[in-house]
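Engineer: Each chain, letter by letter, is given below.
Protein chains: 2
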Amino acid sequence: MPTSQQLSLNTATVKKQWNLRQAIEGCARHNIGGISPWRDILQECGASEARKMIDDNGLKVSGLCRGGMFTAQGSLTSAVLDDNKLAVDEAVTIGAQCLVMVVGGLIEGSKDLASAHAMVEEGLAKTVEYARTVNMPIAIEPLHPMYAADRACVNSLGHALDICDRIGAGVGVAVDVYHLWWDTQLEAQIKRAGKDRLLAFHVCDWLKNTNDFLLDRGMMGDGVIDIPLIRSWVEREGFTGLNEVEIFSADNWWTKDADEVLKTMVDRGKTAV
Amino acid sequence: MPTSQQLSLNTATVKKQWNLRQAIEGCARHNIGGISPWRDILQECGASEARKMIDDNGLKVSGLCRGGMFTAQGSLTSAVLDDNKLAVDEAVTIGAQCLVMVVGGLIEGSKDLASAHAMVEEGLAKTVEYARTVNMPIAIEPLHPMYAADRACVNSLGHALDICDRIGAGVGVAVDVYHLWWDTQLEAQIKRAGKDRLLAFHVCDWLKNTNDFLLDRGMMGDGVIDIPLIRSWVEREGFTGLNEVEIFSADNWWTKDADEVLKTMVDRGKTAV
Chain A
0 MPTSQQLSLN TATVKKQWNL RQAIEGCARH NIGGISPWRD ILQECGASEA RKMIDDNGLK
60 VSGLCRGGMF TAQGSLTSAV LDDNKLAVDE AVTIGAQCLV MVVGGLIEGS KDLASAHAMV
120 EEGLAKTVEY ARTVNMPIAI EPLHPMYAAD RACVNSLGHA LDICDRIGAG VGVAVDVYHL
180 WWDTQLEAQI KRAGKDRLLA FHVCDWLKNT NDFLLDRGMM GDGVIDIPLI RSWVEREGFT
240 GLNEVEIFSA DNWWTKDADE VLKTMVDRGK TAV
Chain B
0 MPTSQQLSLN TATVKKQWNL RQAIEGCARH NIGGISPWRD ILQECGASEA RKMIDDNGLK
60 VSGLCRGGMF TAQGSLTSAV LDDNKLAVDE AVTIGAQCLV MVVGGLIEGS KDLASAHAMV
120 EEGLAKTVEY ARTVNMPIAI EPLHPMYAAD RACVNSLGHA LDICDRIGAG VGVAVDVYHL
180 WWDTQLEAQI KRAGKDRLLA FHVCDWLKNT NDFLLDRGMM GDGVIDIPLI RSWVEREGFT
240 GLNEVEIFSA DNWWTKDADE VLKTMVDRGK TAV
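Chains A and B are the protein sequences, given in the same order.
In terms of numbering that gives the first Met the number 0, the first sequence opens at residue 0 and continues consecutively.
In terms of numbering that gives the first Met the number 0, the second sequence opens at residue 0 and continues consecutively.
Errors might be hidden in some of the hints.
The list cannot tell twin chains apart, which means a pair is met if one copy fits it or any two copies do.
In silico lysine-lysine, BS3-like type, Cα no more than 25 Å apart, as pairs [claimed, not checked]: (1) LYS194 / LYS15; (2) LYS59 / LYS194; (3) LYS15 / LYS190; (4) LYS269 / LYS125; (5) LYS190 / LYS110; (6) LYS125 / LYS207; (7) LYS51 / LYS207; (8) LYS84 / LYS15; (9) LYS269 / LYS207; (10) LYS269 / LYS110; (11) LYS125 / LYS51; (12) LYS262 / LYS190; (13) LYS207 / LYS110; (14) LYS59 / LYS15; (15) LYS125 / LYS59; (16) LYS194 / LYS125; (17) LYS194 / LYS51; (18) LYS255 / LYS51; (19) LYS15 / LYS110; (20) LYS262 / LYS84; (21) LYS84 / LYS255; (22) LYS190 / LYS51; (23) LYS190 / LYS84.
If you are wondering where the hints come from, they were derived from the structure by calculation, not from laboratory data.
Just so we're clear, the structure is a prediction, and the values are computed from it rather than from any experiment.
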């Protein structure tokens, strides 16, 4: 089971409690090995200043959340593409191991899933083209199918890897157990991904009585996902990255003292990840 | 687009308003071609009495909802298996075209998805063995992945067909657009199923701002699913069954006058199915 040094704090986990400086200091205080900021709090802090604090505290950066949302404006506008380039640059600035992509859902007013898939893939290809020039790996994060309409129309590791196959070098996947645990193809697709394309591993838990589509994720061990099993599949391929903890939890973890959240996260790392 | 005669009313759609007799009479009044009762209201009415009413009103029975829940007691108890046999018998009594199976989720207190899969498959095989003797087709209904923990651990048409392949004759699938619309493999898997295994086709809609995991399904046309496209895939394989409308909608359709619901369903059948 992962030690605290093998964990990374996705800042969404303490989104309501801490800004980025506090999250970095919290990770250091709890001997957590890495951090993965969201762009809003990164920008609030300033990417260069963040990099300095991250380095001063000896943290790795398991990823930057997030680029993508290619379908948000109904076409691949320069605004959408430029924002993704900016995300790549920010990821470079903070020394992130990858830029995580939540690709976007259906185009507003459209039921055409195939068109959304095509727009997403074109946006990814263009972003990867740029990211290659600055050596920033792009990680496609397949989201749970319940987000297909509004957040991401890539909902299986298989689909994400099909896209990777077509785009080629510079793109891989982020495996989040919350989104993918139910898929009978998961083990086989992790094997298909292989070490080079397994860019990030995200953990939390699926609560059996989930009450909200977005904001009711569970702490590892409180739900039904066999996280150690899925981790074993990822590590069997040679993945040696951090176990990034990303918990959106409006009514529970976001209401608690953030040091308690990090303490729990470290404890659960040893027993449930 | 389907005429009213090509629609079937799943009784869950008017669950809060009507008993089975009222639903049957409602279908006749709105010239709807078929009905698909849930077992609770069927048992309340009595299966033989229901059959008589259904025949008197000239309705087809597109399915009986539902057997399954093989994991509910932690093992394949005789109670679980006997209840499934009873469901088969009830389906025969009312002349249903198939018995729909919601197979059950994880075993209580377990995170072992593989064990749940195995228990489900054994339960299905045993039920099919009996159902063959009375010529009742068994339709596995893959449910949306958001139900993997608590309702059904078969969450893709591909997985359902893998099970069908192993069990052999007497078992097929129920394709519900709500559960499967997001799957990039859907068209290919419908083709793989073929006419003989496409036993039922269920329609409703996925609302972009769904607020409840179970009880916020939309009327066809109110959501994001391209239902005519999916119907075209099913019909291309030779499916000639009814378009069964199954809408769980606590805050909307269940609060309306049931005749208005059926009128809307018939109207939408012509424009959005």
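Engineer: The structure should be examined with respect to each hint, and the outcome stated for every one.
Structural biologist: Results of checking the hints against the structure:
1. LYS194 / LYS15: neither (34 Å within a copy, 53 Å between copies)
2. LYS59 / LYS194: within (19 Å within a copy, 54 Å between copies)
3. LYS15 / LYS190: neither (36 Å within a copy, 48 Å between copies)
4. LYS269 / LYS125: neither (40 Å within a copy, 41 Å between copies)
5. LYS190 / LYS110: The answer is between: 22 Å across copies meets 25 Å, while 33 Å in one copy does not.
6. LYS125 / LYS207: neither (39 Å within a copy, 28 Å between copies)
7. LYS51 / LYS207: neither (41 Å within a copy, 41 Å between copies)
8. LYS84 / LYS15: neither (27 Å within a copy, 52 Å between copies)
9. LYS269 / LYS207: Intra 22 Å, inter 38 Å, cutoff 25 Å: intra-copy only.
10. LYS269 / LYS110: between (44 Å within a copy, 18 Å between copies)
11. LYS125 / LYS51: neither (30 Å within a copy, 64 Å between copies)
12. LYS262 / LYS190: Neither. Shortest intra-copy (33 Å) and inter-copy (51 Å) distances fail the 25 Å Cα cut-off.
13. LYS207 / LYS110: The answer is between: 11 Å across copies meets 25 Å, while 30 Å in one copy does not.
14. LYS59 / LYS15: within (23 Å within a copy, 55 Å between copies)
15. LYS125 / LYS59: Classified as neither: same-chain Cα gap 27 Å, cross-chain 53 Å, threshold 25 Å.
16. LYS194 / LYS125: Cα proximity of LYS194 and LYS125: one copy only (24 Å, versus 41 Å across).
17. LYS194 / LYS51: neither (29 Å within a copy, 63 Å between copies)
18. LYS255 / LYS51: neither (28 Å within a copy, 60 Å between copies)
19. LYS15 / LYS110: For LYS15 and LYS110, neither the intra-copy (34 Å) nor the inter-copy (30 Å) Cα distance is at most 25 Å.
20. LYS262 / LYS84: neither (35 Å within a copy, 51 Å between copies)
21. LYS84 / LYS255: Neither: 35 Å inside a copy, 49 Å across copies.
22. LYS190 / LYS51: Answer is neither: 36 Å inside a copy and 56 Å across each miss the 25 Å cutoff.
23. LYS190 / LYS84: neither (30 Å within a copy, 40 Å between copies)
In terms of the numbered hints stated before, the structure departs from hints 1, 3, 4, 6, 7, 8, 11, 12, 15, 17, 18, 19, 20, 21, 22 and 23, listed from lowest to highest.
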